[in-house]
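Quick note, the sequences are listed as chains A and B, same order.
Yeah, the first sequence ends on 476 if you go by the numbering used here, and it's all consecutive.
Yeah, the second sequence ends on 1440 if you go by the numbering used here, and it's all consecutive.
Please note that a few of the clues may not be correct.
[As the list claims (entries may be wrong)] Capping the alpha-carbon separation at 27 Å, the derived lysine-lysine pairs in DSS-like fashion look like this:
1. A:K26 - B:K1081
2. A:K26 - B:K1110
3. B:K1110 - A:K42
4. B:K1257 - B:K1290
5. B:K1327 - A:K276
[Unchecked claim] Calculated Cβ distances over 12 Å to all of chain A for the following chain B residues:
6. Y1030
7. N1178
8. L1347
FYI, nobody ran anything at the bench for these hints, they're computed from the structure.
Remember, it's a predicted structure, so these values are computed and weren't measured experimentally.
The C-beta atom is built at its ideal place from N, Cα and C for all residues, glycine as well.
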Amino acid sequence: MHARNKELIVKELQSIVGEKNATGAKHICYAYSYDLSFVKPKLPDFVVMPSTVEQVQGILTFANKERIPVVPYTAGTNIGGLTIPERGGIIVDLKRMNKIIEIDPEALVAVIEPGVSHAQLAAALAPHGLRFGWPVGPPSASVSSCAISHGIGGMNARYGLQSQEITSMEVVLPTGEVVRAGSCAINPEAWHSVLPMPQLDGLFKGWLGTTGIVTKLGINVHHSPPLLKIFTVCCDNVDDMYSYMLNLSNYEICDDLTGVSWWLAQVPIPYPYKPKPEKDPEWFSYATTYSFTQKEKESKEEIWSLVLDQEKQKGTSIKETHYPEEALKARTQLPSQIVGSTKNYCKQGGAGISWPGTFTPAKKWAPVYKKWKEILISHNLSPSVRMSMYRGVHYGMLRAMIPFNKQSEKETENARQAIVECLRVDLDMGGIPYKPPVDFAVEINKRAHQGYLMLLKKVKAMLDPNDIMNPGKLGF
Amino acid sequence: MDWKISDLKELEDKIWRCTACGTCKVAYEYGPPTRSADICPAGAEFGFEGFMASKGKIAFARGLLSGELNWDEDLLDAIYKCTVCAGCQSQCQLDHKPFIPEIIEAMRRKAVEDGVGPMPSQKKITQSLRSYNNPYQGPRRVRTDWTRPFKKAKRPIKDINAEPAEVLYYVGCTGAFNLPARSVPVATASIFQKLGVDFGILGENEICCGSTAMRIGDASEFKRVAEENLHTFQRLHKEGGVKTIVTSCAGCYRAIKKDYSLASGYTEALDGIKVIHTVEFLYNLLKEGKLPLEGSIPWKVTYHDPCHTGRHLNKFIIDEEGSQLWKGAYIGLNEEECLYDIPRELLKAIPGIELKEMGRIRANSYCCGGGGGVMTGYGEWAASNASKRISEGMETGADYMVSICPFCHYNLNEGAKRIESPMKLLDLVELIDRVLPSLD
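Start from the sequences and build out the full structure, keeping to the hints where you can.
See the structure below:
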């Protein structure tokens, strides 16, 4: 970009957000040019920090007029390069819009701005005896970005995905207008539900920030029952683990029902690949349950024992096991900065982590895992795989957390190739990646129904006629 | 003396251990109670990711090493807009954790070596060090002005160069030259006299510990004064029988305990000498029943942990050889030397004092805002940051804030004035001096 133009644009942005909150300085832009993932660093041209909805409107109206790309940013903790600008432009860093506008402990709804972090919300909910489904991520990560990107959390088996907790939203469109979806669209004080109206919130969920900037979000929050019981088992193979998880999920007693391969049960994940000791089980599971009364807890224990017996009778290798205490804390005491941070998994690799992270039918978990294991080991990477069941359904999250040495271009590319190869396998078996980097979006689009792609492009063009919002991230 | 002070290139592998996960940005405790708050003064003030905790500073380090970033005024400014408080370090769990402040200071050292650093307003610190052996541009004769009341009361303080003493009270430049902070050496010496401690001071011959020079990247000036001090300590031990060096200055304490240990002759220079902060010295006497505290101070107080006496004294456990985890793996930390409990125990021992804790304490203490050369380089920001800390103290319902650092003393009082807060910062020694029986 021409220096004179750049200077004029900075001045314009500063007139919207104040002198201290807009910059084109290279060192500041550089800090936004990379993340943890294999995605190649790319520089934005400007960074702005709005603190009001009106300022967001001002930025988008200006950017739309000038056809300057805009990338919404909260904490940058995703591992898909989602905030790395494909075509330069303006990073809109929303960390200063961090108000918890309301917590209604009776209605079990909270209204938050996009910069609210998991840690901030957790601290605000705790005095009310309330909780949210924190993901295995750093405390500074954004609640709203995780939710609108269909992130997962620690209560997926009970309440579904983070995006299923969304009750209402306010959005600034790429053209600068403020719109609302859900009950708050009809009554500005009502943030309790996206139903029964048309689910217009769907225009902004899973779109990777390509259709607008969410400026307020209503979410469901939940009571925090005092009695925690975690059931931990292990087994020798993925088929047995699938059988156990399928069986237990039918009873719907868990907040989180997750299986992890031996490599993921190690914190950090071994890098490069190292073989599992022969005597060790290949799979572990933790099933988190919370109860209000002792009797409720005992009932859950009864159900779990029943499932365990049934699995043993089937001849599977499932058996009760002890899960390392620190690792268990990581799964239950969320958000956590200790072993709870996904990013700690990559300690041994050195700075890099990426994934094939997917929603995959549960019955495909075992065959996909077996293929992934082959692929990853052939790339000298650990098959550190997690499978989590979602609420009342037999599909769920299947992902492999892949650390790598980011200092080395060769090792980064090796990880990228392995991950994309894994993704192709999963897509071919019916899985769909979430929070996908562009490499994944390209693979999705190759397989997509033409009608889907046409609709996607039409909606995008309607909302963002000049294609300024995070352009390129949808793979077209 | 040889010094093990790393340059930026030597830290490259550590720099690449940062994932940019952002855990460093928030002081978070799972609890109960669950707590979450800002931890990075620069991040809270300036906001952009480059300023935000170690995540941003590491980005600058990467860019400088790769050649993608080159020195310009704005980059230099961003690197010096950091109090090097290590609040981010307390949150991080990755292998570069032990080296985070080191990486920030290595960038500053590079700036100085490349002839662009420190900031113009900070250059007077090192110029003053060269001219006066203190960062305050104070003539050496002024260094003992605080001792006048003692002379007047006919209780002169020993000049350790002339009269031997077992304890060297190393005053530090802030206590000696910064008028509002002079109450700290006055109270310290008063306490020692009341307790009958055989102590002396270096007086006009005391020179700066070098902490500020180190924090702003002037390693050569730091080494000059540090080596001179180490030689002095050794001489006083051999010739004058000094067995203990006690200081009430958090910055001096950290410098002598930690920064000086990077010298090849450190162990030999301090052989037979114990370096101790005044509060620990007094706490040991309290445990032995030799600190008679009488009367009562019926105040509600809150305690501010200085960075220098807290998390800066962490000892990190690293798998250097890769025998436990892998080479260079961060394994854990030892807080044994951090002065977290001792000041609190002393406060609780003062009759009438009610301690009201703030949310951010101990390893998560929120920096007063004056460290890392910020008080000189960015005075207005340092004071506004101190105002935030004072406001946090006021929320506890305390009447006073107490600390053990003359630097925090000055800056937090400036912060209080700025927001017209009735809260005042007192040094713990000032409180103890009040309840120690008088000599008369």
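Here's how the hints hold up against the structure:
{"no.": "1", "hint": "A:K26 - B:K1081", "in the structure": "holds, 17 Å"}
{"no.": "2", "hint": "A:K26 - B:K1110", "in the structure": "holds, 19 Å"}
{"no.": "3", "hint": "B:K1110 - A:K42", "in the structure": "holds, 26 Å"}
{"no.": "4", "hint": "B:K1257 - B:K1290", "in the structure": "holds, 26 Å"}
{"no.": "5", "hint": "B:K1327 - A:K276", "in the structure": "holds, 21 Å"}
{"no.": "6", "hint": "Y1030", "in the structure": "violated, 5 Å"}
{"no.": "7", "hint": "N1178", "in the structure": "holds, 30 Å"}
{"no.": "8", "hint": "L1347", "in the structure": "holds, 27 Å"}
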